[in-house]
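Heads up: the sequence shown is residues 1385 to 1816, going by the numbering used here.
As a list, the in silico SDA-like pairs of lysine to any residue whose alpha-carbon atoms are at most 20 Å apart:
| no. | residue 1 | residue 2 |
| --- | --- | --- |
| 1 | 1759 | 1790 |
| 2 | 1623 | 1738 |
| 3 | 1775 | 1720 |
| 4 | 1759 | 1725 |
| 5 | 1472 | 1649 |
| 6 | 1479 | 1681 |
| 7 | 1606 | 1617 |
| 8 | 1468 | 1673 |
| 9 | 1606 | 1538 |
| 10 | 1759 | 1733 |
| 11 | 1766 | 1719 |
| 12 | 1684 | 1769 |
| 13 | 1792 | 1437 |
| 14 | 1703 | 1766 |
| 15 | 1479 | 1627 |
| 16 | 1743 | 1756 |
| 17 | 1623 | 1516 |
| 18 | 1703 | 1728 |
| 19 | 1792 | 1443 |
| 20 | 1479 | 1654 |
| 21 | 1623 | 1730 |
| 22 | 1534 | 1615 |
Each pair of labels, with its calculated beta carbon distance range:
| no. | residue 1 | residue 2 | range |
| --- | --- | --- | --- |
| 23 | 1543 | 1780 | 42 to 50 Å |
| 24 | 1430 | 1780 | 45 to 53 Å |
| 25 | 1474 | 1440 | 41 to 49 Å |
| 26 | 1539 | 1799 | 48 to 56 Å |
| 27 | 1438 | 1622 | 44 to 52 Å |
| 28 | 1612 | 1674 | 27 to 35 Å |
| 29 | 1517 | 1554 | 53 to 61 Å |
| 30 | 1624 | 1430 | 56 to 64 Å |
| 31 | 1602 | 1705 | 15 to 23 Å |
| 32 | 1543 | 1779 | 50 to 58 Å |
| 33 | 1668 | 1771 | 35 to 43 Å |
| 34 | 1423 | 1799 | 19 to 27 Å |
Don't read these hints as lab results, they were simulated from the structure. Just so you know, even glycine gets a beta-carbon here, dropped at the ideal spot from N, CA and C.
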Amino acid sequence: MTAMNKLFRQEALDNQKSKWTGKALLIAKIPAWVICIASLTFLTVLFIFITFGNYTRRISVYGEVITNPHPINILSSQQGFISKAFVKAGDIIKKGQKIYQVDFSQITESGKISTNTKNSLKNQLTQVNNIIQNLQYNKRITLESLEEQKRQYELSHEKDRVIVENARQGVEFAKENMKNYKSYQKRGLITKDQFNNYGYSYYQQQNTYQNLYSQYISDSLKITNLNSDIMLKKADFDKQISQYKIQQDDLQRQLAEMAASGSLFITSPIDGRIESLGFTVGQMVITNDNLAQVIPNDVKPTYYLILWVPNNSLPYITKGDAINIRYDAFPFEKFGQFSGHINNISYVPASSQEMSHYKSSPINKVGEKAGSYYKVLVSLNKNQFSYNGKKLYLSNGMKAQSTFFLEKRPLYQWMFSPFYDMQKTLTGPNNE
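Using the sequences provided together with the hints, build the complete structure.
Now the structure itself:
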């Protein structure tokens, strides 16, 4: 044995002697039944939450505050610099009152207005006149088309009313006969099959009446929507024509009032209040610069929020829906979110020309994906706020972000939505 031990190191022999050769039983501090009950409870709560819980999909869209009536933008007709300012933001002014004096002497010759400037103003006036004529023509054609649609719907609606009334009377008559047939069947005058056949005929007639009544109600809603469209289109055309007529009057006034000194007075086209001034004395201006905004003073402005909703969200919103609003000027971390409700939804996608008039529209955002957008007008519950004893007001053009609440589904449907999408891609053609 001694010789054998000399073949191995002493450390190896000690390790061999101390090696564990038995079995160990580890006893947990928490009983197994407690773990089972806790796991079962957790799974039950999770199942109930997934089955009965729901989530509403939402999207955030950007927009801006507008007023009704909308402020009138006073634009620069040519290049020059502001030599004098006569008013300040917030001042009440009268029609024809001076706002700015613009000096464009750098483009005059020998103290006289250049021929190019005169021709430019005349060309602008001609273009404005053509635009007004086209708008008036488009207004007439559009309104005539809508009125014709309305007239056709009203004629059809009146015919449907007579048909629905006749169908209702027929159902009432059939209902009375049904009672009589039931009495006849009890007395043995008719067979059960005859009674069942008449019952089937009665319920078919009742179903036909319900379909006719639904169509009648649908036509009523279409007539109401057409009336709303007529009013909106007329107001929109009148607004555009009014703006161009103001521009027309302004161009005519510029041609009439231009002095040989190369100065031009910018005046207010209406009685109102200066909403904003875009330039100060000494600043250079170029053609079509927005010099000032004037809002009518005889009408209290109503504030709205104009938003642009993508077409894939349109089916889930309706007039009167509540939305959450966050103004860029009033951070929601400090001021919170504000409420509003949908006042109007356009029935056709907004054109690129219409969206180009609003800075918050998708067409004016770099990187915004192309697509169809619908204009949504939102009524605001508040147009002024208080913070630290100071009143804060909304202003025209203020940017805002709004949250729309769309479709509401149980949680399990949201979890399995990828499988629904997969099922739709795998199904064959739908021939229904």
